[in-house]
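K.L.:
Chain by chain, the residues:
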Amino acid sequence: MRKAELRIICPNGHLGFAPTKEESFKIGVATYPDYYCCDSGSDDIGPAPLGADKSVSMYEWQKHDLELMLLASREQGVPMIIGSAGDTGSNSRVDLYVQIIKDLAQKHNIPKFKLAYFYSEVNKEYLREQMEKGIVIEGLDGRGKLTIEDLDKTDRIVAVAGVHPYIKALEMGADVIIGGRSSDCAIFAAPAIKEGFPENLSYYLGKVLECASFCAEPYGAKESVIGIITDHDVKVTAMHPDQRCTVASVAGHAMYERSNPYYEFFAGGMLDMTNCKYEQYDEKTCKITGPEFVPVNGKVKIKLEGSGKIGEKYIGIAGIRDPYTISNIDKVIEWVKEQVEERYQDIKYHLNFRIFGKNGVMGELEPVKDIKSHEICVIVEGIAPTKKLAEEITLMGTRQIFYARLPEVKGTAGTAAFIVDEVLPASSAYMWTMNHVIPVDDPMEFFDVKLIEVGE
Amino acid sequence: MRTKKLAELAKTIRSKNAGTDKITFDIIFREEENYKLVKESKQITKEKIAQLFGISKERICDFVEFDPAYAIKFTILRSTPSGSPGEGDIFGCQQYPPLLDIEIPIE
Numbered sequence: 001m002r003k004a005e006l007r008i009i010c011p012n013g014h015l016g017f018a019p020t021k022e023e024s025f026k027i028g029v030a031t032y033p034d035y036y037c038c039d040s041g042s043d044d045i046g047p048a049p050l051g052a053d054k055s056v057s058m059y060e061w062q063k064h065d066l067e068l069m070l071l072a073s074r075e076q077g078v079p080m081i082i083g084s085a086g087d088t089g090s091n092s093r094v095d096l097y098v099q100i101i102k103d104l105a106q107k108h109n110i111p112k113f114k115l116a117y118f119y120s121e122v123n124k125e126y127l128r129e130q131m132e133k134g135i136v137i138e139g140l141d142g143r144g145k146l147t148i149e150d151l152d153k154t155d156r157i158v159a160v161a162g163v164h165p166y167i168k169a170l171e172m173g174a175d176v177i178i179g180g181r182s183s184d185c186a187i188f189a190a191p192a193i194k195e196g197f198p199e200n201l202s203y204y205l206g207k208v209l210e211c212a213s214f215c216a217e218p219y220g221a222k223e224s225v226i227g228i229i230t231d232h233d234v235k236v237t238a239m240h241p242d243q244r245c246t247v248a249s250v251a252g253h254a255m256y257e258r259s260n261p262y263y264e265f266f267a268g269g270m271l272d273m274t275n276c277k278y279e280q281y282d283e284k285t286c287k288i289t290g291p292e293f294v295p296v297n298g299k300v301k302i303k304l305e306g307s308g309k310i311g312e313k314y315i316g317i318a319g320i321r322d323p324y325t326i327s328n329i330d331k332v333i334e335w336v337k338e339q340v341e342e343r344y345q346d347i348k349y350h351l352n353f354r355i356f357g358k359n360g361v362m363g364e365l366e367p368v369k370d371i372k373s374h375e376i377c378v379i380v381e382g383i384a385p386t387k388k389l390a391e392e393i394t395l396m397g398t399r400q401i402f403y404a405r406l407p408e409v410k411g412t413a414g415t416a417a418f419i420v421d422e423v424l425p426a427s428s429a430y431m432w433t434m435n436h437v438i439p440v441d442d443p444m445e446f447f448d449v450k451l452i453e454v455g456e
Numbered sequence: 001m002r003t004k005k006l007a008e009l010a011k012t013i014r015s016k017n018a019g020t021d022k023i024t025f026d027i028i029f030r031e032e033e034n035y036k037l038v039k040e041s042k043q044i045t046k047e048k049i050a051q052l053f054g055i056s057k058e059r060i061c062d063f064v065e066f067d068p069a070y071a072i073k074f075t076i077l078r079s080t081p082s083g084s085p086g087e088g089d090i091f092g093c094q095q096y097p098p099l100l101d102i103e104i105p106i107e
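One line per chain: the protein sequences are A and B, in this order. Heads up: the first sequence at position 259 corresponds to 259 in this note's numbering, and the numbers run straight through without jumps. Heads up: the second sequence at position 87 corresponds to 87 in this note's numbering, and the numbers run straight through without jumps.
Just to be clear, a hint being listed does not mean it is correct.
Restricting the straight-line Cα-Cα distance to at most 25 Å, the calculated cross-link-like pairs of lysine-lysine (DSS-like) are [claimed, not checked]: (1) A:Lys-369 <-> B:Lys-57; (2) B:Lys-57 <-> A:Lys-277; (3) A:Lys-450 <-> A:Lys-107; (4) A:Lys-369 <-> A:Lys-337; (5) B:Lys-39 <-> A:Lys-284.
Simulated from the structure, these hints should not be mistaken for lab results.
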């Protein structure tokens with residue numbers, strides 16, 4: 001007979017991005033949850049980590065979080081599920097997490113268990129063939145359909161999994177699952193659906209749990225929450241002694257990082273939260289009823305995220321205190337741009353100046369037009385095909401600020417204050433080339449689940 | 001007419017990426033009363049937001065008054081995807097401050 005309710009703990013909204021707080025996690029562990037689930041990825045971190053195939057989280061923090069979850073879940077003999085491994089969910093990040101799990105099993109002499117994992121990278125040439133066959137890869141969020149030019153610009157692509165590979169892995173008997181790139185909510189919805197709970201409540205459970213304590217108040221990140229699903233409702237409880245899941249905090253969380261608070265899209269359908277009802281169940285728990293699941297009409301569409309390299313990047317920093325230069329900073333920057341253009345006519349480069357103290361943070365969206373600061377900082381970003389050229393262009397863009405010619409300036413020894421008389425290497429520059437969906441016959445098409453045995 | 005700044009009336013005013021191509025803004029109130037006051041003041045509309053940020057109305061792709069959370073939410077399309085050359089805010093989380101000073105008539 002199946003359980004009347006299922007309890008899932010989520011310790012961190014982004015595993016490893018900052019370490020999980022242990023106090024609230026341990027309080028949650030002591031209540032014996034049925035599953036330990038956590039999402040580890042995000043497209044918030046920009047296109048560079050996916051393109052360059054690296055994590056933005058510290059290895060030690062990732063290991064810390066995986067260790068907490070693995071030890072508790074193995075000790076209690078319940079499954080543990082991680083999605084979007086290593087920030088991007090690329091194949092190398094899945095391998096990294098699989099290796100960490102193996103290392104931890106050895107370190108702690110954990111008895112044998114089954115580890116399932118799946119990749120989610122998509123081969124560029126495969127997509128090209130599909131496009132040549134006439135398959136339309138539709139753009140999201142105002143993007144047009146994918147073109148061959150955009151595909152050519154792409155270095156790495158991940159497909160975003162729904163619940164399907166997770167359900168498959170659980171059916172194969174997995175004790176621990178390391179997933180490639182996935183919809184955040186799928187990581188939590190999959191075990192609930194697999195255990196026979198309604199899809200509408202299962203997806204809502206995923207939606208509310210994926211950011212851990214972000215659905216609780218007062219604000220406190222990286223704290224554990226537990227979601228409980230029955231056939232009739234979802235309840236979510238804060239584990240930290242000072243946090244509560246309230247109607248306001250949980251309803252408010254429905255909006256977080258989403259363009260619209262009512263709809264959540266994933267492979268296979270959409271969760272409609274228009275008629276969700278929120279009630280305070282007890283002091284730390286909010287109860288939710290009324291979400292609706294709308295299955296996809298026609299073929300399942302899988303989201304694709306693609307990142308392509310633009311060039312190498314350097315950063316220059318220039319401080320300015322002279323009042324006349326500050327009030328004429330736009331003229332200075334124009335002059336500097338001309339100097340660089342004159343010298344590097346044959347090279348394709350990007351040179352950007354962000355002026356902190358003016359509109360450095362908001363750029364074109366900044367409504368404050370007058371500079372009131374007595375000092376400003378210009379961050380110069382130079383991107384060019386090679387490291388050497390990127391360094392040259394960025395250095396030229398930074399150093400020419402030093403030589404800016406404005407007739408009224410009294411000081412003539414230099415127009416910029418430097419912290420370092422050089423420019424600093426940054427990670428290579430990438431761009432999101434794909435935010436698209438591809439129709440598939442089989443939702444498992446990009447996600448081949450493998451199962452291995454780990455432990456003593 | 002007496003006014004209060006939005007920052008005095010709302011519990012949370014924030015911005016954050018919604019995927020790679022959008023930034024979403026949330027204005028959340030603790031009390032239904034303040035939510036209704038702001039909602040009914042019509043000081044936060046697509047037109048006013050477009051004017052405040054100096055963008056065309058078409059760049060505001062969603063605008064929702066979200067009663068269950070006492071919240072007003074809108075989303076704008078980025079001019080280039082997050083993390084592109086010239087990026088000033090990879091997470092999109094520091095784009096809300098101009099909202100703080102919106103004046104709301106209180107009587």
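K.L.:
State the violated hints by number, sorted upward, taking the hints as numbered earlier in the document.
P.N.:
Violated hints: 2 and 5; rest satisfied.
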